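Visitor: For reference, the chains in residue letters:
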Amino acid sequence: MENFALKVTNLTKVFDKPAVEALQFSVHRGEFYTLLGPNGAGKTTSLRMVAGLLPPDSGSIEVFGIDALLDPISVKKIVAWVPDEPMIYDRLTPLEYLEFVAGLWGVEQNNARSNACELLDWLGLLPNQHERCEGFSKGMRQKVALAGALVHDPRLIILDEPLTGLDAGSARLVKDVLRERVKSGCSVIMTTHILEVAERMAERIGVISRGRLIAEGTLDELGDQAGRAATNLEEIFLGLVADDESETAAA
Amino acid sequence: MTYQLQSGSIGWFARHEFALSWRDFMRMMSAGKSGREATIMLVIGLTAFGMHAVAYFMLHPFVTEGIFINKQLLVLISGTWLLTFSLMMSQAMELVTRAFYSRSDLDLILSSPVSIRTLFTVRIGAIATATTLLALLLSAPAINVMALLHDVRWLSAYPVAVASGMLATALSLAITIIMFRTLGAKRTRLASQIVAAVVGAGFVIGIQLAAISSIGSISRFEFLQSETLLSQTPSLKSWIWIPARAIMGDQIPFLITIVLPAGLFLTAIVVFSGSFASNVMAAAGTSFARNTQNAKTITFRQPNLRSALRHKEWKLLLRDHWLLSQTLMQILYLIPPAFMLWQGYAELGLMGVVVVPVLVMASGQLAGGLAWLAISGEDAPELVATAPVGKRDAIRAKVEAVLGAMIVVVSPILLIMAFVNPAMAILALICVMAASTSATFIQLWFRSPAKRSNFRRRQTSSKVATIAEALSSILWAATAALIAAKTWLVVVPLASVFIVLWIARSFRSS
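Chains A and B are the protein sequences, given in the same order.
Start counting at 1 in the first sequence, then tack on 38, and there's your number in the numbering used here.
Start counting at 1 in the second sequence, then tack on 10, and there's your number in the numbering used here.
Don't read these hints as lab results, they were simulated from the structure.
Please read all numbers here as calculations on a predicted model, not as lab measurements.
Glycine is no exception: its CB is placed at the ideal position from the N, C-alpha and C atoms.
Treat the hints with care, since some could be wrong.
To be verified - One-sided excerpt, in silico: chain B residues whose CB lies under 10 Å from chain A:
#, residue
1, H321
2, P391
3, G400
4, A444
Claimed, not checked - Part of the chain A face toward chain B, derived, beta carbon under 8 Å:
#, residue
5, K114
6, R129
7, L130
8, L142
Turn these sequences into a full structure, and let the hints guide you.
Guide: Next up, the structure:
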């Protein structure tokens, strides 16, 4: 059995121009993987295809050995998607929201309630569990969305810029929750513009530019691929992207 | 050389508001597609011409017979003015509430050093203008035709309409502020929406109820011209006819009708502009306020997606205050036909030809709104899309949610009907469900993801869907009426409704 939580092969999506081009990468089981790239590099498009929100033009996506294009329902059962803008209902309370999400994923009643209460407690939302989300701050909304993503115990969590707009306390909490999930065997793939987060949390990092994967590996491996004495991820990332842009311009 | 308005002045703000409103209007008319300005203008021109033609053919015989200032004429004009004014009040209440609660650019403007009084004056002026335009949209053709065929003094109805708009705005403002002070910012929003709905429907319903109880007809025109009413109205010299005489161009009533509302309007601006900022801030506070729900409603008992989706939709519908006030208005319009039943007209066969079609038509329209909210107005479409279920199941659950809600809304009326005439109740149930299902399918074919808060603008996403929804409701209502009348002509609306649905579906697939 292959050790992949997610395997993306030759994934391509063209809108007016190619957004993702023959993208290939994989996330190991129980791994924290971060996808980096400049604005418009194709990170969100790639993750939306993995989450089943966007059909690819070609290529394949396998989640724990299941073909996501042939059997999307089985894949959705074990995947959670957390976008940058929290997908919640203003007129529902956090507990009602989790009740709804648990219903969508068919979580057994007792598990659903205990998972929901545990998550709300963990995320510091227990005092607000019966308040409607309409008055919540961005951080609270993102925490509710994260609780929704975790209530069905997914095996692969896909997060698109989950820390954008969060204060330090909320960001710390989200990072802690994700670390705990990875420790318990869950796999995580996340995009972020906060390179420090990627540097500290990710076991492996993929760098994407113009819809293609231009480098992948641990921080040390990326440093080697960048071919320079880079001291931190910021320098490595900027160097890799600059090299790719100059290569493309030369071509 | 272009004249530069001083930044922050009333004129500067007014130009800004007008530019935004104009773009909003064009966007609404063109459904957001560019390059349609000429077509829109042509459609507006043709519609105006058509409305004038209708007004001409309706009023020409009336003018030819000769117009005499008598009670009949004064009652007719006063009744029409009151009817229009109740609609203006409803519109003004709605707009005033929105001015207080809509965030849009208020944060930006309130954080700037411009005078809040100036902003308030312009916003209230814009509300009076919008309210007046609504009235003129309906009455301008009649005014123009009367001025052309009879007497140019009928044009004084235009300034009267402007004064009515100012009066409606001033009264709405006063009512809203009173509610703010007595009920608080949080409750005022819902309360003012309910008041707006009741005021808008109130006069129409009141006059229909009076007509039913006095002359046995639901017709407003017949009632306004009835001997029963005319015999109870005061003499021609009474002050009660001031608005009617002003519309006809009598100088003194005209001056009174213009000066009093204008004075009230200016007073309202002066008195209330000082508290505008504090009221807006109080209203803004309600969007950050936490609404606590009863913990007992949370069961975690939904074992599958369909029931989870249904329960979610019902919860959201119940918590949508604006939708509830609109539903209330639809139900209010059912009061006159229900009153007819109460008065015993059911035995005359009026239930089938009056009550059932009204119920069917209202249900079709209401179901269309609910279906839009459930199908297009999904605030977390990606959450549902990433859930482990097929699209078909998700859609089916939403359709069930809409039809379930419709059954709850119409059940009390159907139960009353069943006591009076069981056969008609069954007919109403079948046609209500048919109209609701048709409206739901139309929304399904034309679904276009949008925020729930865009409900009021749902018609702009597809004109075809809006027309198809209205036609389907009307045709199902006609079908119900003709079945009740036991005539073979029922095949005409029945076939037509299927043709409309087929065309709507073809439009979507193309």
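Visitor: Hint by hint, which ones does the structure fall short of?
Guide: Violated: hint 4 alone.
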